[in-house]
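Residue numbers (my numbering), protein chains in the order written: chain A, 1 to 295; chain B, 1001 to 1295.
There's no promise every hint is true.
DSBU-like cross-link-like pairs, simulated, lysine-lysine; straight-line CA separation at most 30 Å [stated by the list, open to error]: (1) A/K259 - A/K245; (2) A/K26 - B/K1208; (3) B/K1208 - A/K246; (4) A/K28 - B/K1200; (5) A/K208 - B/K1208; (6) A/K264 - A/K279.
Since the hints were made in silico from the structure, they are not lab data.
Protein chains: 2
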Amino acid sequence: MSESLQDYLKTEQHRINMYMIGLLEKDKMLPAALSESVLYSMRAGGKRLRPILMQAAFESFGGQGDKVLPAAAALEMVHTYSLIHDDLPAMDDDDYRRGQLTNHKKFGEATAILAGDALLTRSFSIIGQADELRPEEKVFLMSYLSEAAGATGMIAGQALDMEAEGKESLLHELEQIHILKTGKLLTYAIVAGAFLAGAKQETLELMKQFGMYIGLIFQIQDDILDVTGDESVIGKPVGSDEANKKSTYPKLLGLEGAKEQMEKYVDLAHQCLEQAIIKSSRLHELTVYLSRRTS
Amino acid sequence: MSESLQDYLKTEQHRINMYMIGLLEKDKMLPAALSESVLYSMRAGGKRLRPILMQAAFESFGGQGDKVLPAAAALEMVHTYSLIHDDLPAMDDDDYRRGQLTNHKKFGEATAILAGDALLTRSFSIIGQADELRPEEKVFLMSYLSEAAGATGMIAGQALDMEAEGKESLLHELEQIHILKTGKLLTYAIVAGAFLAGAKQETLELMKQFGMYIGLIFQIQDDILDVTGDESVIGKPVGSDEANKKSTYPKLLGLEGAKEQMEKYVDLAHQCLEQAIIKSSRLHELTVYLSRRTS
């Protein structure tokens, strides 16, 4: 990773964390245990990849200033709620996340369910209350977030993923799951950033495609890391896909085949960016970064 | 109940059901089990009290036509999601709701959690996609719904309610729980209806107060029915508050005291309506109906 990209990631992580956590700390959530549980998961770190992609897409089309922060915070909160609920005993039953106990392990299942609900709910009013956005922009962002996160998007992906557990999936079934479960919110990040910078409809369509490739790249690398990764760097156990009998790219294509497939998507992602006539190299850099990340 | 009110309730129930379920049936939710689970709970009946209050408030300020339907549907979906999650084993652990198996008893916990998440998420895009609303109206409705349903509103009420279980609550603690858990969404119904009919800010404030009283009336009668009600009419077991060691109005004030307290709130609710200079008698009627309902 270039030094400039490393600095960029750090700066943007810091900026989104200050905004998002500052906002939630000011909320008068009740009772104290619920507030703690919400903040526990929001403060748990994480790469803030979705806000960063939104910011980078925004800048790629000439956007300047803090205009994306509310939509970026909303998106990261939706992502965090989905992790809290996915980790529940009835779902993936995970004990650790981002190197610390999962929310329900720390606060109990009832509070974890409500903390997830609270984050999902709050994400919409963060956009609704943003002074820097016009009503039309707010409506676009809130409606699109709802679609990307809902039962025709991310939630569908999680439900299909659970149904697929223990079964042999075909490659196109696996890709459908990832496009829904991971791709929809990543695409939201990209499209929302470009939209807020004033990109036109045909450009937004290209960015939608780019977002889909980014989602697939992210997921293939996730599968690869579950085979080859370092547990202390990833922050969760390695080999869990094997243990959970999950279909993965390495299982369907072999490790080398999975890497080749990812490189194809990297090429396609770069092509989308070129067609969209982006001057900044940031999204190109982030695409490469995602395909080579170690955590 | 007057015949006219009975007809009104039936007509409005039918209208909201047609709209709301028609809309969800058209959604391409995946997988089939998730779609079935969502529709199961939405079709389970229920009084549709919140949509009806919204419609009545709308008419009370001269509103005509179908303008409230999207916000009314969104609200009923948020209400239904909250029931699905509240019924979960980690929360209230209920087996029956509206006279049929609870969602998790029928579809399993994981699907029930996701069905609740899906309904909450979808509620926002229903408002966002409504052609009949202006962007400013959509933003008001979505932001306010998020606040009313979130961790400073309904979710706070549910979390406080769980914390209070098995403890002796004081009357003001009990009222705080009800104002949050039940009152916030009922108030949303009333205020959204008045807002969409063009009511002014000071009128909306009066309707907010009215909504709070309606919430308390609803809850006191709920507590009373848990003591004196007919199980086959209510659709859930009688005496569950006693069994769950819940603080209730009858327990704190005695059965007669609880009824007197409710009548006080009925008077205050009528006063709000009079101050708001409402010509229609519908909200007056609904107030009385709520205080005398048997289910």
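Hints versus structure:
Taking the CA atoms of A/K259 and A/K245, the gap is near 21 Å; set against the 30 Å cutoff, the hint holds. Annotation: proposed proximity of A/K26 to B/K1208 holds, straight-line Cα distance about 24 Å (limit 30 Å). The hinted pair formed by B/K1208 and A/K246 fails the criterion: a straight-line CA distance of about 51 Å is larger than 30 Å. Under the criterion of a C-alpha separation no larger than 30 Å, the hint pairing A/K28 with B/K1200 is consistent with the structure, at around 27 Å.
Between A/K208 and B/K1208 the CA atoms are separated by roughly 42 Å; this puts the pair beyond 30 Å, and the hint is violated. Restraint check for A/K264 and A/K279: satisfied, since their Cα atoms lie roughly 23 Å apart, inside the 30 Å limit.
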